[in-house]
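S.K.: Read top to bottom, the protein sequences are chains A and B.
Be aware that the first sequence starts at 1, since it is given in the numbering used here, and climbs by one per residue.
Be aware that the second sequence starts at 115, since it is given in the numbering used here, and climbs by one per residue.
Careful, some of the hints might be misleading.
Unchecked claim - In silico DSBU-like links for lysine-lysine, alpha-carbon gap of 35 Å or less:
| # | chain 1 | residue 1 | chain 2 | residue 2 |
| --- | --- | --- | --- | --- |
| 1 | A | 57 | B | 140 |
| 2 | A | 57 | B | 226 |
| 3 | A | 57 | B | 183 |
| 4 | B | 183 | B | 226 |
Derived from the structure by calculation, the hints contain no laboratory data.
Since the model is a prediction, treat every value here as computed from it, not as a measurement.
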Amino acid sequence: KAGVTQTPRYLIKTRGQQVTLSCSPISGHRSVSWYQQTPGQGLQFLFEYFSETQRNKGNFPGRFSGRQFSNSRSEMNVSTLELGDSALYLCASSLGDRATTEAFFGQGTRLTVV
Amino acid sequence: SQQGEEDPQALSIQEGENATMNCSYKTSINNLQWYRQNSGRGLVHLILIRSNEREKHSGRLRVTLDTSKKSSSLLITASRAADTASYFCATGLIKAAGNKLTFGGGTRVLVKP
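Input sequences plus hints: build the corresponding full structure.
M.R.: This is the structure we're talking about:
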């Protein structure tokens, strides 16, 4: 069974640009969550999608957005990039509801904003 | 704010020794999960313990949960150099809908050969 796949693995962008990251969950998983990891703030929840609907949102500005497609694949978009957006972005897929089952993470996308 | 706080922040041990790390949290949970992360890569799920469980084992891992103290511990027995990684606890909250996990700050474990 294939794991969670995130693309691309690495990205370098310039301030002011926008970026789109992709996540393909484990087959059969309908929940996809996104997290940002930085040395200063640790792992922070961005948002969760379930059956194409955003179910939860963390405390991030509106520049961070996402969507989920009918095949459960998800994308997140960051517009008007800032230096502070440099981070490892992790995607997790889950089978169950209400954090009652394991979440499986992808290898992440390392975003560097210069 | 982070739900979980982990202790210690860093741990250095010799191969073969046991490693113990603790996690405390603030509000009622559905379950608590432990993850491992190697050098800025993805998180690997280690073990999930439900709020009605007190102890769980998986190979060389032993997790305990004390809901009255709002704390959990992860014990790695007979550590190996390959166990060198950061370990995170994550909680799924009872009052939260969906699969949102709240992570602790992590414990960096160094196992010296």
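S.K.: Now, for every hint given, state plainly whether the structure supports it.
M.R.: Hint by hint, here is what the structure shows:
1. A:57 - B:140: Status holds; Cα separation ~20 Å.
2. A:57 - B:226: 40 Å, violated
3. A:57 - B:183: Holds - the C-alpha atoms of residue 183 of chain B and residue 57 of chain A are around 29 Å apart, at most 35 Å.
4. B:183 - B:226: Holds, at about 32 Å.
In this structure, the one hint that does not hold is number 2.
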